[in-house]
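> Residue numbers (our numbering), protein chains in the order written: chain A, 1 to 279; chain B, 1 to 279; chain C, 1 to 279; chain D, 1 to 279; chain E, 1 to 279; chain F, 1 to 279.
Hints should not be assumed to be uniformly reliable.
The list treats identical chains as one, so a pair stands whether inside a single copy or across any two.
As the list claims (entries may be wrong) - Computed cross-link-like contacts, PhoX-like style, restricted to lysine-lysine with a CA-CA straight-line distance of at most 25 angstroms:
1) Lys54 to Lys196
2) Lys6 to Lys262
3) Lys255 to Lys196
No lab work stands behind these hints, which were simulated from the structure alone. The model shown is predicted, which means the values in this text are computed figures rather than measured ones.
6 protein chains.
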Amino acid sequence: MFRHQKELQFEVKVERPDPLFARQVQEVLGGQFGEMTVMMQYLFQGFNCRGDEKYKDMLMDIGTEEIGHVEMLCALISQLLDGAKPEDQEQAAKDPVTAAIMGGINPQHLLVSGLGGLPTSSTGVPWNGSYIVASGNLLADMRSNLHAESQGRLQVARLYHMTQDESVRATLRKMLARDRYHQYQWMAAIQELEEKNGVVVPASFPPEAEQESQPEAYEFWNLSEGEESSEGLWATGSAPDGTGNYVYISNPVAKGQIYSAKIPATELHHDLDHKTFDK
Amino acid sequence: MFRHQKELQFEVKVERPDPLFARQVQEVLGGQFGEMTVMMQYLFQGFNCRGDEKYKDMLMDIGTEEIGHVEMLCALISQLLDGAKPEDQEQAAKDPVTAAIMGGINPQHLLVSGLGGLPTSSTGVPWNGSYIVASGNLLADMRSNLHAESQGRLQVARLYHMTQDESVRATLRKMLARDRYHQYQWMAAIQELEEKNGVVVPASFPPEAEQESQPEAYEFWNLSEGEESSEGLWATGSAPDGTGNYVYISNPVAKGQIYSAKIPATELHHDLDHKTFDK
Amino acid sequence: MFRHQKELQFEVKVERPDPLFARQVQEVLGGQFGEMTVMMQYLFQGFNCRGDEKYKDMLMDIGTEEIGHVEMLCALISQLLDGAKPEDQEQAAKDPVTAAIMGGINPQHLLVSGLGGLPTSSTGVPWNGSYIVASGNLLADMRSNLHAESQGRLQVARLYHMTQDESVRATLRKMLARDRYHQYQWMAAIQELEEKNGVVVPASFPPEAEQESQPEAYEFWNLSEGEESSEGLWATGSAPDGTGNYVYISNPVAKGQIYSAKIPATELHHDLDHKTFDK
Amino acid sequence: MFRHQKELQFEVKVERPDPLFARQVQEVLGGQFGEMTVMMQYLFQGFNCRGDEKYKDMLMDIGTEEIGHVEMLCALISQLLDGAKPEDQEQAAKDPVTAAIMGGINPQHLLVSGLGGLPTSSTGVPWNGSYIVASGNLLADMRSNLHAESQGRLQVARLYHMTQDESVRATLRKMLARDRYHQYQWMAAIQELEEKNGVVVPASFPPEAEQESQPEAYEFWNLSEGEESSEGLWATGSAPDGTGNYVYISNPVAKGQIYSAKIPATELHHDLDHKTFDK
Amino acid sequence: MFRHQKELQFEVKVERPDPLFARQVQEVLGGQFGEMTVMMQYLFQGFNCRGDEKYKDMLMDIGTEEIGHVEMLCALISQLLDGAKPEDQEQAAKDPVTAAIMGGINPQHLLVSGLGGLPTSSTGVPWNGSYIVASGNLLADMRSNLHAESQGRLQVARLYHMTQDESVRATLRKMLARDRYHQYQWMAAIQELEEKNGVVVPASFPPEAEQESQPEAYEFWNLSEGEESSEGLWATGSAPDGTGNYVYISNPVAKGQIYSAKIPATELHHDLDHKTFDK
Amino acid sequence: MFRHQKELQFEVKVERPDPLFARQVQEVLGGQFGEMTVMMQYLFQGFNCRGDEKYKDMLMDIGTEEIGHVEMLCALISQLLDGAKPEDQEQAAKDPVTAAIMGGINPQHLLVSGLGGLPTSSTGVPWNGSYIVASGNLLADMRSNLHAESQGRLQVARLYHMTQDESVRATLRKMLARDRYHQYQWMAAIQELEEKNGVVVPASFPPEAEQESQPEAYEFWNLSEGEESSEGLWATGSAPDGTGNYVYISNPVAKGQIYSAKIPATELHHDLDHKTFDK
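Input sequences plus hints: build the corresponding full structure.
Structure representation (structure tokens):
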């Protein structure tokens, strides 16, 4: 069960409204890597956690914090939109700056939300549940979390340069700091899990090691012209499992058959030779 | 520019058709972490790559391989569906096993694709572009790739237990092996990039270190009851940047204000006090 | 079966084209609460109606009217776009107002529809079937209809302030009038149904009254700090069913257990302790 | 800012697992009217609230409660899936009941979530942000809330008949009770707001009453054959605004023009007469 | 403006309910090529038509007919679901056929629509506006219409084999007949337009013929191994424009450059060399 | 299996960056009829092809070419975005042209992709799998391909007028030429297939010719007022099957029944008469 307190986690102020910037902030609220994503991802991972209380508790801590980040971003967008109103297009047609604002603003901030944050990205696409994952495998999920915080912090950093409003920047700096810590945190969790189970997800497959001990588990297939890709750590040396060495295949040869599919039943109406229809 | 050769990368055969399993295989073809996702993600990252040819070439190698994995999964689904046809419901009503198959099959395998693979998940949701990311930041993107291969291999491993068809299992083992190698590969790339730029994404923010050197970059906020979360590596010790030590805050206090939003212009029709409307 | 006549339901004219406004009008055509929504919602409710001809006939009356509203909005957008053409960006770069128009216009009005209305919102998101509901319960559905007309009229009212084109405003006033009437209409239907079956949806659950006569049916849980919420009609007095009195719980206590999920089968590869895998 | 406590709001138990029912419960978790919808809708309305603290506080109370309902449903689905595992299809082919379960289960419960709740509907469609609304107009939004609770309780009531597991039913009864109270609550809020501002949304349009005092605000247009629709409260008597009487128009006549759109610029390539192209 | 009459266009009856078949019929109601698609596509094309009344009138005729087809399919699904109810899972567990039905039924037919047609496909994905197109170019759109009727009739034909209910089949035969006629109709319209403007869409580009008279307009690039593709009509002979002859390029050579993208501004945080950040 | 070579198929250059145009180019990359659509459509049709190697090989040739077109468009967008960076809004507020650019640019080109192409349309909607079809019926699919190339070339032609950058126009001309050839190609394939099997899809239904030889297969129903539609080729003469003559029905009469749906089981809670509930 959850409880809410009135104070925001961090102060959220603006020096002056900026409806164009409000549109862009939507990306880190309701976009692919916005706060709605990390909030829902950590909550679902926490709700679904099976068996290790330490991780479950940690996921619930962070998931609960992220609900408050959605709250903060709504407070930010709300202030950036303060005073905006449905403008007269005719007046805009005479004043280029007004015109630009009318052209660049998210129309749903006026028409749909009445100056509030929307559960959508900066282009107005609604947030959806396929942005998140809770797989039941902790290592897989912590890697998803690290990727989400990395993409999220990258976007906030880019956003930071789009404004010179020092109050807004102060809020963004708090978010950058939290995203930094959350990257540390998932890295620490990943380190723990990799030390316990090894680096491959899932660790528990295959039951018999030989099932998968095939050359393909160590080969780089050079399917794009040029061999610059041979210069990376992935191209030489031994794999973390200690049982294989990387092989760089400069000229890979396909190992499969040429596949020709069967003619289907006539009821599927492929019409390759419809004379034979005799149902 | 691309070219196609007729042989599949690996052999794809089935011992016998299994239309229910065909429905489940769709998850690793057109689901959130299916082969369409890694194919499109690596291709877009490669197409958009700015400045380091080694990584661009490597992304194009793997992206090109993944197109062939989509091809292989279509060949697999195609064979699992061989011989299926629009069944008579009346007959199904008498034969429970037929009924179960009719109930459990993906109806679009009959009605829409005529026994072919679909660009959809196991529940029939179309693949979409928000499954992928190509951010322009290599470390962020390699972490996304590692997460995608981890989730993807996990799903193939689960799928493996749903069939006892040894030919199908042989194909799945090849995919498990490639997913294993691809995890190694992204880990190696991540290691290279972290050694060069540090572990936080993005590395280049802030320009002046002090902008972000705040306590919030090292604090764990215990917002869910219970302190099991204090037992992880993230709760004590120093951060990888060497400039901060983790602090576990058992009883966090909100630092922000209580925010009250302003009354909007009357043209927005919030109707809080509509008497004042005087446009 | 349906028939079409050539006249629009109401006159639709513009004094002059305004492609930016055309983009915004899309919200009330193909957005969440646009005319496509009420059209499809009422038609599906009418098509699926089981058992009361009066309501079925009424739904078909209004649903049929709304098809004509979609037609009217296409005629409006079409005229707002008259004369627009793919502009020269270079010229726009010199003329700020042209630049603003090119920046603010919906690019699909030029590229995709060739100056016609689109089945999308003001941000270009395609209309979809999850905007509507036809549940088979008349009271639930009439409440959905009242909510849709309320949101819809609110958006048209906001849109009204975005233009000073008197011809456009005349059309919008007709739509406001119809949305006013339709609010009256659904309120009247709701009143009839509530008088017959009571105010709770569904009325027919539970069969035995005691199944649900629990304290939870009358309690307000104050889970957000502050007790301003105790001042509403919902906090004191008796419920409309006459069998319970509202209780405002200032300090609610959770009644459930602390839930710990079971460890899953090893075939799910949670990897909590993968040593035990023995399939 | 939010906090989480370990106890669930109400007890959530099952007598025995039931993976088919787990699939159906997804509807009230991540479907159009599931708990994710009311949670996000009330939170966004609360976050965006401008100006009346009583309503803001109330929205935050209920929104916070609903996060806990999402938690409860995940705990329910988790228990319904306990013990499930990727089944052998071959065995299923011999045992019709197993086959039916394998056919009827949501494959993503095994493949994607590893026996956890998903942010999707009963057919596997991801939850998305266009299920919710926070418009800034309190009366419009409270009507949306009443409709959501009505549809939601209807679905829970239908779900109740799909199981005879008494522990599951006990949980569902708690949810029915809360949905009952929440319907009362929104009705009470609507009553307050209607008494203050009148029944039409928005109340503040138009500024001058005459703008909209048109016959169209009181007319029923009988556009579907048959006059059964004349028997409702909406067809006779006076409107709640006291300024108009309902008129039932048996044979409505269109009032608009026959609209013919203009030929577009040749750069749009309508090709009606492409000879005239002379750019 | 539209009107509705009570009779269905054609008789719609069933001999007995069949809830599994109801799920499959959804494909031709709310799927990619269902009746909602042709209805909305023809209506939008008609609403947006600029300049040729014959085609506009024809589009409105067919679009209006298709609204009635949506109505018919709802009547069909409604009857196929007659008598269904939320089943007891426990009973299903004992009776395999009931279990199969419970597993194979669309759960939303019970939970969401209460035994009515849904605006979704056979896998439950909501219909959306990106299924349709109204481009303003008549030839392009008539080709879209021909493709939609071809895919649509194919699906109805496959559906036909899934039932032996003679009443259902009678209705499907009417739909097959109409889809046959509509294919003829769009072919006739295409023939008219091609005779007037030529076969390439758009006809009006380029203004000066030489702009595009390049070898690439007549070349087949053999980018997949094997030359079976050289045997078609597209590989030899002259193009319909009479100005070029097809060329089959067995070994195509890329004509473009090797593209290397520029290093972006540091504010984009690509981190390729973040030392240089100096904002 | 696929291979990649470094050269682009055609040269892709720009004279100067143009971030607004980059947004519009997205339509032909990731929109409904963009290159992602034809790429995925042809590949899936090729992968799923059953039985005629000539068509399979041809589909693989073109599908493989289209992957290279996606690559080219990413290279184009990349160059149009060169040098763009997160702008200072304050500065934009003073300079109208900058303001217009900031308003008109796709914010995700800065925030999400870091100056790269996105898998989305010009309005930012992610590409999705329901844009494509691979039905297993060659004639149906070739018609889909012809429609896709027609819509696609139309959009490129419109785009051409939005820029005067001669380098960009040179690239677009290559695409127009390929789209021209691909229209020829699908027309040639259609001609072959129609000559073999007749013009109706599917050809193989019904088994007995009389099943469908009904008047409805030749009738035009004039359901929209006015008889302009009687002037087309579809209104008179004989059908291509030689067995029927078109009939123009000026005043069509509905042939179906007035359908009244049955009252459902009480467990569905329609509440029409909830007193009878007695479970």
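> Give a verdict on every hint.
Against the structure, the hints:
For the identical chains of this complex, lysine 54 and lysine 196 are intra-copy neighbours only, at 15 angstroms inside a copy versus 33 angstroms across copies, given an alpha-carbon limit of 25 angstroms. With identical chains, the CA atoms of lysine 6 and lysine 262 are at most 25 angstroms apart between copies only, with a shortest distance of 17 angstroms across copies and 65 angstroms within one. With identical chains, the CA atoms of lysine 255 and lysine 196 are never at most 25 angstroms apart, being 35 angstroms at best within one copy and 37 angstroms at best between copies.
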